[in-house]
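Novice: Each chain, written out:
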Amino acid sequence: MATLELNVKQSGIVNRIITKTYFKTRAGKINKRAAERYLRDDLPCGLKACDECRKYGKERLGAKNSDINSLIPSNHVVIADASVWIRFYDIFESELFGNVLITQGIWEYVKAKSISAYKKMNGLTYETPSDRFSVFMTEFHHEIYVPPEECVSESERQEKCLLSAGNYLLKHWKRTGWIPVILCGEEGERDRFRQKGFEQAYTVKEYVNDLKDAKRQELLDKMAAYDSSSTTDKLIYEEHLSHDQIMQGIATGKFRRGTFSVSRENYREANVIVDEDLNTWFITGIHFNRAVHGDIVAVELLPRTEWTAPEKMIRLRDVEELTTTADAIVDELNEDDEDSETATNADVDEGEPKAKKMKKSIAIPTAKVVGIIKRNWRPYCGILMPSALKGARRHLFCPTERVIPRIRIETEQAEILAHQRIVVCIDRCPRDSKYPLGHYVKTIGALGDRDTENEVLLLEHDVPHAPFSDAVIDCLPPEDWKPDMSNVIKQDQWKPKMTGVRVDLRELNICSVDPLGCTDIDDALHCRETEDGYLECGVHIADVTHFVRPGMAMDDEAVMRSTTVYLCDRRIDMLPARLSSNLCSLRGNEERYAFSVVWKMTREAEIIDTRFHKSLICSKAALTYERAQEIIDDQGMIDELAQSLRRLNDMSKLLKHKRTANGALTLASSEIRFEMDWETKTPKGVQNKAHIDTHSMVEEFMLLANISVAEKILSEYPDCALLRRHPIPAPVSYKPVIEAAKKRGYELSIESGKALADSLDRATDKGNPMVNRLLRMLTTRCMTQALYFSAGTIPVENYMHFGLATPIYTHFTSPIRRYADVVVHRLLAASIGADEIPSGLLNQNNVKKLSVNMNYRHKQAQYAGRASVQLNVLTFFKGRVEKVEGFIMGVRSNGIQIFVPTYGVESVIVIKPSPDTVIDAENGFVKAGKTTINELDRVTVQIRLDETNVQRPRIRLDLIEPYIEGLSVDFDLSTEQGIGK
Amino acid sequence: MQTQAVETERRMIRDAEKETDMENRLSDGEKVFIISGAEADYRVDGRRCEDFRNIMVESGVIDTTDGSARVRFATTDLLVGVKCELQSVENSAAVQDRIRFSVDCSANATPQFEGKGGNEFADEIACALRTAYSNDYVVPDFEKLAVSPSHVWILHVDIVILQYGGSIIEAASIGAIAALTDTNICEVETKPADENRVTVEMSEMGKVWNLDTTRFPVIVSVNKLGKANVVDCSLNEETCIRSAVCFGFSFSNKMKPQNLYQVVQFDELSRLM
Amino acid sequence: MMSIISEHGYRIDGRLPHQIRNINCRLGVYPQAEGSSYIEQGNTKILCAVYGPHEAKRSKQLQDRCVINCQYSVATFSGLERKNRPRGDRKANEFTRLLEKTFESAIMINAFPGSQIDIFCEVVQNDGSLLAACVNAATLALCDAGIPMKALVSASACGFVDSKCLVDLSNREETDLTPRMTVATLGNTSQIVLIELENRLHSNHLPQVLAQSTKTCADVFECLHAAVRAHLPGSVAIF
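So the sequences go chain by chain: A, B and C. Take 1 as the starting number for the first sequence in our numbering and just add one per residue. Take 1001 as the starting number for the second sequence in our numbering and just add one per residue. Take 2001 as the starting number for the third sequence in our numbering and just add one per residue.
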């Protein structure tokens, strides 16, 4: 040990040495550190009986214990080795250990290797006032310190240090009569100590065994429980294959390629759709092999013997955090902040628990991930879970998106970030780390702040919400735009195939019917009698394509946004307000351009003739649904407008009847909307969703318009028309609702849409009208998504829209808020000669790409809207507790899913297992004592906001009647596909 | 009139001199003295033309580096530090310059080196060293520096000139050899990672290996003082030389000299003084 | 994970929070400079050379006093990771200005109108508290050069962690978030000629930090003073 000169005389310091160590940084660089160390001689040993050290204060150990152990006849102080602390830290709580000395070397080693052991050690030594533990600063002691250069490895150095300390203390305490005793984890170590001359070395088992007190049995039991030492392999996961190997494997059929999709119910299970027929392979546990939800992966089927099935358990990370013991959480969440000096990676954890082996009969094809073809990472919003260690740099980040795993990041700003919503990106997923590694990108804002939460919502759902750029604003027509009358012709002058004209419909009694507070009015209706006894009904849609021309910046922006997004307190428009709320919007008493579909139909709603043309209208009134209904019902009103409305109403009823006869489905949605207090932008209450006739009236005519337009554009452009379809769901997807209905005694038929609709109509319970609604909701969940597609890319029989029971469908009636409608407008305009078709739309590939984007945005907008409602539910329940009616939607192996229709809240109540509670997931019931609850039963629950975790407030449901003790977790099960209209 | 012109001229000369801050400006007489003495094989400090001054080399002087050395030639003082960096690259075979040199003239040596003043000179020395080492023969451990196809050790040799007393390039080359001999490179192991790549891990505590420096080149400059060929010039002598040639030698069993540098003009040298 | 002050109250290198590191210094290391010094504060090693007073460049000359020109340069191999540029970055320029200002207050600049004094500091090994060590090195070099000063300037760095003042920080203790203050005082008094703060310090803690810094500067002053006195007999011809 090369000591250096010491010029400055300071109390306690006697020596100075330089130690050189190599360490590897996280970035992969290998650095050499030359550190100074000052060795002192004023470090107390901590024994009360020691005279020399008394002058330093700080002595603690002194409880006489010469007779507690048969092995050791004199007063002794126990020094336990690091491995003893790491494995058996719990035993030190016992009073049988009256004098325990912890050397500084052991303290630091334990701190680096096991956080839970360290916490215990720290707690016993410093946090609770006790005289049983004392720390001896051996690393700074000039007579004990062993420099790393003299040893081959860190563990050898630890042993040498311990030996050195033991010998020193032997000498130091000779006069007092106390002796140090070293406790080792295993015999090999103990023998080495004895060989080197230190006699009083024992294994901890020997020591405890020879304690005279009877309580030693407890300790022995505790030790046996810990004995299975977990070996931590440094490499946890299999390696990913190279790109070439994967491609070869796919070509030979050994591997399959698909998108990795984590289950929302159980974060340890995932599925990959491996081919066009939607066959899925199941992946669980460690076979995830670091794939993240959304990645495109290559999977290999496991041998049949290893196939397993979903656990049918609700397993969410949050739930597990709430129910596992504190220490286990600490270990898992705060995986040791690595002291980058130790050359080994200190990821101490038990690895993934093995999935239960499922019965052979229910096992489904199970696979493992062998390589990643494409990563689909994006920046994730979420919150930081700071490490329990003070001053630690590595923390876990918890994304709001449940299916994304925790991400480990390094930051020193943990305290500042702890109450913020932050954005983190994943960098890589190394083989030896349980969690992916990432870095902090930016902060969005404070937790709970409404704007921050909205921003998170929009970011998470990839909703473009930046203000419109200058380039877009420049595309807008001026405020004082007036219609150009030069190409306007009278109605009777119009003939089919006339190009470039607009029909003047300003004297028609056109009116619009929309929800209260709607500013973007895109549709208006009229109905009048013709001279030849027929009815002329017309639907007029805002002529958006007149203003949004292909090639404009505004058009590009609209393509990207694809849809207007409706949040509870905010609306993100697809088009700038000047168009959406003013120049395109069919406001009352304003002259506006429109695109009209006019039918000539009989009084039995048979269509004789359909006309499409651009027009100029002047809506007579912009009514609300309620107002329109009032006008219809009020017999006193007999003006043309009222009559027009009545005719429309009657026609719509006939149309609806026809549709139902064809097998159109009426399903229910579990979603609610809030009535907002626009000043504070907080929710006031749930909106009443009473369905009145005028809703159907508008709906039927919009459907009719869409269908008519679909037929027209398909006839003109059979290989590139933009249509919308709803695929028939596979029979297996109906399983949940069929079973639920069966338990109630209803038979649901899925032979055809009509059969399903009829059987749903029959499945009513007079005593409980909610049952039918719940069944309809469950059916909605079994549905597939409706999708946009280009004609010509799939067989014609697949064009059908299952939910609406029509062979062809598209979107035409809302161009202000959907881009698909803009495309359809352009196609229709070209087909009637009113406008030139943009060349892009004639290319099937282009239309395909557009469809893919629109489908994605539509889905994201839906999810965003739902998330916004959920957010407002949380806000609504701040400080509010209510008793509400709930229904059991499903039974899982560890709990029940409860739906509260009033608030559209779905939550899971995890039921504590107890001897008299039986949960049968297969047959769908829970039996607790004498009460049994089945699926679709009505129960009473108490709903309130649980803010115990400040970072994540959740809705808490407690089962009040019948009473079963449980724990509730909020859970968004609404994987409603919904049926698009 | 004339006095004024002379005055202006004198002032201009003085200004020009001030610009260059001649500490070593020798008068013509002194120069003649030095040159004739050299031609007669007598040098000002008593040496012969082929004699070197006392060279003192100390290695392991700086703890933060992987290898270091200090070279002293009477009034020339250099500090050399070597830092090893493990770089992840696409293809380690493509990385040819694994020993990189950089020289920094510290202002401690002379105020002329303040700011960017010494940069040109420093670049020349660095360039000379680089050329000397970019030779297959001199670095036998070249392949060993490439740890895996995607990881390679880069040795950064940094030289700081603390005192300027002539013969910088000799001192630099000696310092480089001493520092590189003293350099400890950490032993690493490669472990397989994803996609046929490898990661590099340290082997146990502090195992290191050293480069084989037996063939590292030494650079010697031979200067022309008048007609005499002189080695190891002091500062004053450097002001007087006409030209100099620098050779780099790498020794093995066969003495095989390698010509590595080129002639440096007198004017350049004097400008640097 | 090493916290800066461990639970037991000691720092990573075994010192107590108020203890400084070892100081070794030598004056007169370069013959070519007017004055030079070498200082080691713990593992931080600094070489300093002083040139002057000599005539200043026309552009910089001041008629009533002398100009102090400093250069602060850090050797590329001096730190844990190799630094590409020895000088010219923002930090170096900032330290340069600080050094100039400090010594303008300490040196009797009115004694040399129109001239310039150069102070060049070269950091050979970086282990924290660089600015303080440079000030100390420069003081010694100026003494060696015989330039008249009001008093010896001594400096020390003080950090604030866990409500305790930490003196003479090493590299590991200078993290991105710990507030640290470098204070230089004139002689043994509490007249401050330099204060530099990194990161943020709450104003309530300022008096405590200043008091500790001043005390430590006094301790450092003792060391420097002793070094100068030891050097005197060797350098001055005493008849």
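Check the hints yourself; a few may be wrong.
Unchecked claim - Keeping only pairs whose Cα atoms sit at most 27 Å apart, straight-line, the calculated DSS-like set for lysine-lysine is:
id: 1; chain 1: C; residue 1: LYS2164; chain 2: A; residue 2: LYS119
id: 2; chain 1: B; residue 1: LYS1116; chain 2: C; residue 2: LYS2060
id: 3; chain 1: A; residue 1: LYS878; chain 2: A; residue 2: LYS766
id: 4; chain 1: A; residue 1: LYS681; chain 2: A; residue 2: LYS495
id: 5; chain 1: C; residue 1: LYS2164; chain 2: B; residue 2: LYS1116
id: 6; chain 1: A; residue 1: LYS434; chain 2: B; residue 2: LYS1191
id: 7; chain 1: A; residue 1: LYS9; chain 2: A; residue 2: LYS119
Said to hold, decoys possible - Over the 12 Å line for every Cβ pair with chain B, so calculated as not near, a few chain A residues:
id: 8; residue: ILE18
id: 9; residue: THR19
id: 10; residue: LYS20
id: 11; residue: TYR22
id: 12; residue: PHE23
id: 13; residue: LYS29
id: 14; residue: ILE30
id: 15; residue: ASN31
id: 16; residue: ALA224
id: 17; residue: SER242
id: 18; residue: LYS600
id: 19; residue: ASN846
Claimed, not checked - If you want a taste of the chain C side facing chain A, the calculated C-beta under 8 Å gives, among others:
id: 20; residue: SER2059
id: 21; residue: LYS2101
id: 22; residue: GLN2116
The hints are simulated quantities; they were obtained by calculation from the structure and are not laboratory data. A virtual CB, placed ideally from N, CA and C, is assigned to each residue, including glycine.
Novice: Hints first: check each against the structure and report whether it holds.
Specialist: Quick rundown of the hints versus the structure:
Taking the CA atoms of LYS2164/C and LYS119/A, the gap is near 23 Å; set against the 27 Å cutoff, the hint holds. Annotation: proposed proximity of LYS1116/B to LYS2060/C holds, straight-line Cα distance about 18 Å (limit 27 Å). A distance of roughly 36 Å separates the Cα atoms of LYS878/A and LYS766/A; the hinted pair therefore is violated under the 27 Å criterion. A distance of roughly 51 Å separates the Cα atoms of LYS681/A and LYS495/A; the hinted pair therefore is violated under the 27 Å criterion.
About 43 Å separates the Cα atoms of LYS2164/C and LYS1116/B, which puts this hinted pair outside 27 Å; it is violated. About 18 Å separates the Cα atoms of LYS434/A and LYS1191/B, which keeps this hinted pair within 27 Å; it holds. Taken as a hint, the LYS9/A and LYS119/A pair is broken in the structure, with Cα atoms around 37 Å apart against an allowance of 27 Å. The claim that ILE18/A lies off the interface is violated: its Cβ sits roughly 6 Å from the closest Cβ of chain B, which falls inside the 12 Å cut-off.
The beta carbon of THR19/A sits about 10 Å from the closest Cβ of chain B, which is not more than 12 Å, so the claim that it is off the interface is violated. Taking the minimum C-beta to C-beta distance to chain B, about 7 Å, the non-interface status of LYS20/A is violated against the 12 Å cut. Its beta-carbon lying about 5 Å from the closest one in chain B, TYR22/A breaks the requirement of being farther than 12 Å from that chain. Against the 12 Å criterion, PHE23/A falls within the reach of chain B, whose nearest CB is about 8 Å from its own CB.
Consistency note on LYS29/A: stated as away from chain B, yet its beta-carbon is not over 12 Å from all of that chain's, at 6 Å minimum. ILE30/A, annotated as away from the interface, has a beta carbon of chain B within 12 Å; the closest lies near 5 Å. With a closest Cβ-Cβ approach of about 9 Å to chain B, ASN31/A is found to fall inside the 12 Å limit, against its non-interface label. With a minimum CB-CB distance of about 33 Å to chain B, ALA224/A clears the 12 Å threshold, and the non-interface call stands.
Interface exclusion of SER242/A from chain B breaks down, the closest Cβ pair being 5 Å apart, not more than 12 Å. The non-interface label for LYS600/A is consistent with chain B: the shortest C-beta to C-beta separation is roughly 67 Å, beyond 12 Å. With a least CB separation of 35 Å from chain B, ASN846/A remains clear of the 12 Å interface cut-off, as annotated. About 43 Å separates the beta-carbon of SER2059/C from the nearest beta-carbon of chain A, more than 8 Å, and the hint is not met.
Interface hint status for LYS2101/C: violated, as the beta-carbon distance to the closest one in chain A is roughly 28 Å, over 8 Å. The beta carbon of GLN2116/C comes no nearer than 34 Å to any beta carbon in chain A, farther than 8 Å, and the hint placing it at the interface is violated.
Of the hints listed earlier, those the structure fails to meet are numbers 3, 4, 5, 7, 8, 9, 10, 11, 12, 13, 14, 15, 17, 20, 21, 22, in rising order.
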